Amino acid sequence: MSYISKQERAVAINPTRSCAPIGAMLANYGIHGAITINHGSQGCATYPRHQMARHFREPVEVATTSLSEKTTVYGGKGNLLAALKNIVERFHPTLIMVCSTCLSETIGDDIPGVIDEFLDKHPEVTIPILSVKTPSYIGNHTTGFDNFLKEIANNLPERRKKKGETNGKINMIPGWVNPGDIRELKHILREMGLHGVWLTDYSETLDGGYYEPRPHVARGGTTIEELRSSSKSLATVALQRHVGGEAAHIYERRYNVPAHVLTMPIGLANTDALVDTLTEITDHPVPETLQVERARLLDALVDTHMFTTGLRVALYGDPDLLEGLVGLVAEMGMTPAYVLTAADNGPWGERMVELSEELGVESEIILKGDLHELHKRIKARPVDLLIGHSKGKFIADAERIPLLRVGFPVEDRFGYHRRAIVGYNGAIALVDEITNLIFERKASAVVSNTLLELGVEGPSNVPIAVCNGSAA
Amino acid sequence: MKFTCNQTLPERAIHIALKGPDGACQRGDGSGCFIASNSATTPGDMTERGCTYAGCRGVVGGPVKDVIQLTHGPIGCAFFSWGYRPHLADSDFHMKYTFVSDMNETNIVFGGEKKLLQCIIEASNEFPEAKGVFIYNTCSTALIGDDGRDVAKQAEELIGKPVVFFECEGFKGVSQSMGHHVGNETIFRQLVGSVEPEGDFSRAINIIGDYNIKNDLRTFEYLFEAIGVKILTRFTGNVSVDELKIMHKATLNVVHCQRSATYIADMMRDKYGTPYINVTLWGIKHMSEALRATAAFFGLEAEAEAVIARELAAIQPKIDAYRQRLQGKTVFIYQGGPRAWHWIELLRELGMETMTAATTFGHDDDYQKIFDQLSPGALMVDNPNVPEIEEILRDRRPDLFISGNKEKYVAYKLGVPFVNGHTYDTGPYAGFVGMLNFARDIDKALHAPIWQTLRTRARPAPVAHHTSHGFEEVV
Numbered sequence: 110m111s112y113i114s115k116q117e118r119a120v121a122i123n124p125t126r127s128c129a130p131i132g133a134m135l136a137n138y139g140i141h142g143a144i145t146i147n148h149g150s151q152g153c154a155t156y157p158r159h160q161m162a163r164h165f166r167e168p169v170e171v172a173t174t175s176l177s178e179k180t181t182v183y184g185g186k187g188n189l190l191a192a193l194k195n196i197v198e199r200f201h202p203t204l205i206m207v208c209s210t211c212l213s214e215t216i217g218d219d220i221p222g223v224i225d226e227f228l229d230k231h232p233e234v235t236i237p238i239l240s241v242k243t244p245s246y247i248g249n250h251t252t253g254f255d256n257f258l259k260e261i262a263n264n265l266p267e268r269r270k271k272k273g274e275t276n277g278k279i280n281m282i283p284g285w286v287n288p289g290d291i292r293e294l295k296h297i298l299r300e301m302g303l304h305g306v307w308l309t310d311y312s313e314t315l316d317g318g319y320y321e322p323r324p325h326v327a328r329g330g331t332t333i334e335e336l337r338s339s340s341k342s343l344a345t346v347a348l349q350r351h352v353g354g355e356a357a358h359i360y361e362r363r364y365n366v367p368a369h370v371l372t373m374p375i376g377l378a379n380t381d382a383l384v385d386t387l388t389e390i391t392d393h394p395v396p397e398t399l400q401v402e403r404a405r406l407l408d409a410l411v412d413t414h415m416f417t418t419g420l421r422v423a424l425y426g427d428p429d430l431l432e433g434l435v436g437l438v439a440e441m442g443m444t445p446a447y448v449l450t451a452a453d454n455g456p457w458g459e460r461m462v463e464l465s466e467e468l469g470v471e472s473e474i475i476l477k478g479d480l481h482e483l484h485k486r487i488k489a490r491p492v493d494l495l496i497g498h499s500k501g502k503f504i505a506d507a508e509r510i511p512l513l514r515v516g517f518p519v520e521d522r523f524g525y526h527r528r529a530i531v532g533y534n535g536a537i538a539l540v541d542e543i544t545n546l547i548f549e550r551k552a553s554a555v556v557s558n559t560l561l562e563l564g565v566e567g568p569s570n571v572p573i574a575v576c577n578g579s580a581a
Numbered sequence: 040m041k042f043t044c045n046q047t048l049p050e051r052a053i054h055i056a057l058k059g060p061d062g063a064c065q066r067g068d069g070s071g072c073f074i075a076s077n078s079a080t081t082p083g084d085m086t087e088r089g090c091t092y093a094g095c096r097g098v099v100g101g102p103v104k105d106v107i108q109l110t111h112g113p114i115g116c117a118f119f120s121w122g123y124r125p126h127l128a129d130s131d132f133h134m135k136y137t138f139v140s141d142m143n144e145t146n147i148v149f150g151g152e153k154k155l156l157q158c159i160i161e162a163s164n165e166f167p168e169a170k171g172v173f174i175y176n177t178c179s180t181a182l183i184g185d186d187g188r189d190v191a192k193q194a195e196e197l198i199g200k201p202v203v204f205f206e207c208e209g210f211k212g213v214s215q216s217m218g219h220h221v222g223n224e225t226i227f228r229q230l231v232g233s234v235e236p237e238g239d240f241s242r243a244i245n246i247i248g249d250y251n252i253k254n255d256l257r258t259f260e261y262l263f264e265a266i267g268v269k270i271l272t273r274f275t276g277n278v279s280v281d282e283l284k285i286m287h288k289a290t291l292n293v294v295h296c297q298r299s300a301t302y303i304a305d306m307m308r309d310k311y312g313t314p315y316i317n318v319t320l321w322g323i324k325h326m327s328e329a330l331r332a333t334a335a336f337f338g339l340e341a342e343a344e345a346v347i348a349r350e351l352a353a354i355q356p357k358i359d360a361y362r363q364r365l366q367g368k369t370v371f372i373y374q375g376g377p378r379a380w381h382w383i384e385l386l387r388e389l390g391m392e393t394m395t396a397a398t399t400f401g402h403d404d405d406y407q408k409i410f411d412q413l414s415p416g417a418l419m420v421d422n423p424n425v426p427e428i429e430e431i432l433r434d435r436r437p438d439l440f441i442s443g444n445k446e447k448y449v450a451y452k453l454g455v456p457f458v459n460g461h462t463y464d465t466g467p468y469a470g471f472v473g474m475l476n477f478a479r480d481i482d483k484a485l486h487a488p489i490w491q492t493l494r495t496r497a498r499p500a501p502v503a504h505h506t507s508h509g510f511e512e513v514v
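Protein chains in written order, with the working numbering: chain F, 110 to 581; chain E, 40 to 514.
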C-alpha cells in the first residue's frame with residue numbers, strides 16, 4: 110500500500126527547491142527579445158543568474174532595480190521607474206517582465222501601479238510590460254514560472270475578431286523542462302503535421318550556438334505576435350499541472366480555447382496520452398515516424414527489463430516531474446520506493462497514491478520533504494538508484510548509489526539541458542541511461558551483456574569471480 | 040573613453056577611467072577626477088553585483104567548516120548560496136549542508152522568531168557534532184523586524200554552543216562588500232577572544248582574508264611554516280569556530296584580501312594591539328615579499344631567503360617556459376575586488392599585460408592600487424555591467440579574460456579565451472606552486488585549438504525565420 114507522509118521539521122536541511130523569481134526569469138527567456146527586471150536586492154537577480162548559468166552554460170542576463178537601504182525605507186518606485194527607462198532606452202526589448210521579490214513585496218511596492226505610471230509618462234513605449242508576483246516566501250521556483258504563464262494568458266492574447274476565427278495552431282505549455290525537451294516536443298508536433306505556439310520556448314535562447322558574428326538579439330523564443338494570436342488556437346495542451354495547468358484553464362475561460370492538462374509525457378503511457386490528445390484535437394493520424402519511435406521504446410524496455418525489474422528507486426524534485434517519472438519507473442519494473450517533493454501539496458500526494466496503485470507499485474510519498482530527510486530514509490532502507498537534480502549527489506556519494514540526473518539544476522555534469530526526457534525518444538534515452546548506471550555501479554561484474562552479480566536488492570557479499578577479464 | 044552602450048546612461052561615465060599616455064587619470068566624464076566606486080548601482084543597468092547576504096554567507100561565514108550554516112529567511116537565499124563556492128577545508132560539512140528557516144507567508148505575517156529558535160534546536164539535534172550555529176539574516180526577516188540577536192542568545196543557552204547572528208540582509212549595502220564588513224564585525228564581536236588558551240604564541244600569525252579557494256592555503260601554508268612561524272587561524276578558510284575564538288592570541292596578522300578582511304585586522308589592532316601587514320600571496324614577486332615581510336617581523340630573514348631560493352629554483356624554469364608561450368598577450372581582469380590588482384604583477388611575470396581591470400565592489404583604495412600598477416593606455420571600470428563587458432571584449436579584444444562563472448559564457452559566445460578567477464578552472468593558483476597551475480590554465484585557455492577552429496570555420500547565424508516550430512534556418 111502506498112501512503113503519504115509529511116516531514117514535520119521546521120528547519121529545512123538541504124532543500125530540493127529554490128524560489129519563485131528564477132521560474133519567472135526562466136519562462137521569460139522563452140520570449141524573443143524579452144528582458145526581465147527583478148525588483149529587489151541585487152542578489153535576487155544575481156543568484157538566479159549564477160544558477161541558470163551553471164545549469165545551461167549560457168550567458169544569462171537579468172536586470173535588477175538594485176534596492177538598497179534607503180530605497181527600502183522610502184519605497185522602490187523611483188528605482189523601478191529608472192530601471193524601466195534604462196532598459197527600454199538601452200536594449201529596445203520586445204517585452205519587459207517585472208518580477209517581485211521578498212523585499213519589494215514586504216515593503217508593499219505597487220508594481221502594476223508603477224508600470225502604469227511609467228507608461229503614462231512614456232506614451233512612446235508600446236511594448237507589453239508585465240508584472241509577476243514572485244516573493245520567495247510563497248511556493249517555490251515552479252510558482253514563479255506558473256505565475257508568469259498566468260500573466261501571459263491574462264494579458265497578451267488578442268480577442269478573436271469573429272467567432273470561430275482560428276490560427277490553426279495548438280498552444281503548447283511544456284512547463285519547467287529543458288531546451289532538449291522543448292525540441293523533442295516540437296519534433297512530435299512537426300511529425301504530426303501540427304503547429305504550436307510555445308509558452309514559452311527557450312530551446313534556443315538557453316542552448317544557443319556559436320555564430321560569427323554573434324547575433325545582436327539571441328535567436329529563438331516565441332514572438333509577441335504568436336502570443337497575441339494564442340487566443341485563436343485550436344486548443345491548449347499543458348504538460349505540467351502545476352506549471353501552466355492554470356494558464357491553460359485561463360485560455361479556456363477567457364478565450365474559449367479548450368484546455369488539456371496532461372501528466373508530463375515521460376515514459377510510454379504518458380507519451381501515448383500526449384499523442385492521443387493531439388490526435389483527438391486535430392484528427393491528424395499518428396505518423397509512421399512516431400509509431401516506429403514508440404516501437405523502439407517498447408523494444409528498449411524489453412531488452413533491459415532483466416536488469417531493472419525489482420530495483421528500488423528514490424525520486425525527488427518538482428511534483429509534475431515526479432508524476433511523469435513514476436510512470437516510466439513502473440514501466441521499467443522498478444519500484445518508486447520514495448517519492449519526495451518540497452511542496453506541501455495534499456491533493457498531489459493523494460493523486461500519487463492513486464497513481465502508484467494503478468501502476469501496481471508501492472511508494473512512500475513524502476510531502477514538505479528535503480534531501481536530509483530522504484537521506485535518513487535511504488540509510489534506514491537502501492535503494493538502488495536515485496533520480497533527481499544535482500543536489501542529491503551528496504546522498505549518492507555517501508551511500509554509493511548511482512544518481513540519474515534529471516530536473517533543475519544539473520550543475521555538476523555537462524549537457525543535461527540538451528537532453529530530452531519527454532517523448533518516446535526521451536524515454537529511450539532514460540531507459541538506456543538507467544540501465545547503464547546500474548551496470549556501471551557493478552562494472553566489475555558485467556561480462557558481455559550479462560550481470561554476474563545477482564541480488565540487485567542491496568549489497569552482495571558474493572565474491573566476484575571475473576572482473577572484466579581479470580581475476581578479482 | 041566612452042562606451043557606445045552607455046549613450047543612454049551618462050551616469051556610468053564617472054565609473055570608467057583611462058590611464059592616459061602621461062600617466063594621468065582620464066575619467067569618462069572628461070574630468071580629471073579619480074574613478075567613482077562603492078556607490079549605488081544604476082537601476083536596470085545589468086549589473087553583476089550581488090547582495091550583502093551573499094558577501095556574508097557566501098564569502099566570510101560560509102567557509103567556517105564545523106558550524107551549522109543557517110539562513111533565516113525564505114528558501115531561495117539558502118539554495119543559491121549552497122555548495123557552489125569551492126572554499127574547501129579538511130572536512131566537507133560546510134560544503135554539503137545548508138540549513139534554512141524556510142519562511143513562508145504565514146511566518147512573514149506573524150513573525151519568524153519562534154520558528155527560528157525551533158530551527159536552531161532541530162538543526163543542532165540533527166548534527167550534535169557541529170560546534171556552533173551561524174545564522175544569516177535576509178531581506179524579508181529583517182523587514183518584519185525579527186529580533187534574531189535575541190533568539191541567538193536564547194538558543195545559545197539552550198544548546199550550549201555559540202550561536203552567531205549576522206545582520207546581513209541583502210538590501211543593506213550597495214554590493215556584497217557590505218556583507219564582508221558585517222561578517223568581520225560579527226565574528227570579531229561574538230567569537231574572537233571568547234577563549235583564552237595557554238601556550239606560546241610568540242611566533243603565531245593569522246592569515247586574514249584567504250578563503251582557501253580550491254585549497255589555496257596548501258600552496259603557502261608550508262612556506263610560512265618553513266620560515267618558522269605557525270599559522271594559528273585562517274580567516275576564513277579551512278577554519279573551525281574554535282580557531283576563530285583564539286585568533287586574538289596571534290602576534291601578527293597577515294592580510295591577504297584587503298577588501299573583505301581588513302576590517303577584522305583593524306579591530307584586532309585597536310582592541311588587542313595586534314599589528315598587521317598587507318600582502319599578496321599570488322605571483323613570484325608578491326609571494327616573496329609576503330614571506331620577507333612576515334620574516335622581518337620575527338627576525339627570520341635568513342630562513343625566508345632560504346625558502347624563497349629553494350622554491351624559485353623549483354618553479355622558475357617552468358615559469359620561464361610558460362612566459363615564452365604567453366609573452367605579449369593582453370588581459371582583461373574583472374574580479375570582485377582585490378584580485379584585479381593582485382594579479383597585474385603575476386601576469387607581468389608571465390609576460391602578459393593587463394589592459395583592462397574592473398571590479399564588482401572595489402573601493403577607492405582598490406582602484407588606487409590598480410591604477411598605480413597599470414600601464415598607460417589601460418582602462419579601469421567600476422561595477423561593469425553586461426553590455427560594457429561585451430563592448431570591452433568586442434572592441435578592446437583582450438587575448439584573455441579572467442573573471443567568474445556568469446561572465447564566462449559571454450566571453451565564450453564572443454570567442455574570447457577565459458580563465459575562471461573566482462572559483463578557478465583547476466587551482467589552486469596561490470603561492471609559488473599554485474602559479475604554475477594558473478600559468479598552465481592560462482596557457483590551455485589561450486592555445487586550445489578551438490579558437491583556431493572558430494576563426495576558420497564558424498559561420499554567421501542563419502537568417503532568423505519565424506515558424507510555428509520556432510526559429511529555423513531558411514532552407
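Since the hints were made in silico from the structure, they are not lab data.
Keep in mind it's a predicted model, so treat the numbers as computed, not measured.
Quick reminder that beta carbons are idealized off the backbone N, C-alpha and C, glycines included.
Incorrect hints may appear among the rest.
[Claimed, not checked] Taking CB as the label site, the calculated pair distances span:
{"hint": "1", "chain 1": "E", "residue 1": "P488", "chain 2": "F", "residue 2": "R268", "range": "28 to 36 angstroms"}
{"hint": "2", "chain 1": "E", "residue 1": "K192", "chain 2": "F", "residue 2": "K115", "range": "52 to 60 angstroms"}
{"hint": "3", "chain 1": "E", "residue 1": "E237", "chain 2": "F", "residue 2": "E178", "range": "43 to 51 angstroms"}
{"hint": "4", "chain 1": "F", "residue 1": "P491", "chain 2": "E", "residue 2": "E206", "range": "51 to 59 angstroms"}
{"hint": "5", "chain 1": "E", "residue 1": "K483", "chain 2": "F", "residue 2": "G184", "range": "46 to 54 angstroms"}
{"hint": "6", "chain 1": "E", "residue 1": "K192", "chain 2": "F", "residue 2": "G184", "range": "27 to 35 angstroms"}
For each hint, the structure was consulted:
1. Between P488/E and R268/F the Cβ separation comes to about 56 angstroms, which falls outside the hinted range of 28 to 36 angstroms.
2. Checking the proposed 52 to 60 angstroms range against K192/E and K115/F shows it is violated: the Cβ atoms sit about 32 angstroms from each other.
3. For the pair E237/E and E178/F, the beta carbons lie near 44 angstroms from each other, so the given range of 43 to 51 angstroms is met.
4. Between P491/F and E206/E the Cβ separation comes to about 43 angstroms, which falls outside the hinted range of 51 to 59 angstroms.
5. Separation of K483/E from G184/F is about 50 angstroms and conforms to the stated range, judged on CB atoms against 46 to 54 angstroms.
6. For the pair K192/E and G184/F, the supplied restraint of 27 to 35 angstroms holds, since their beta-carbon distance comes to about 33 angstroms.
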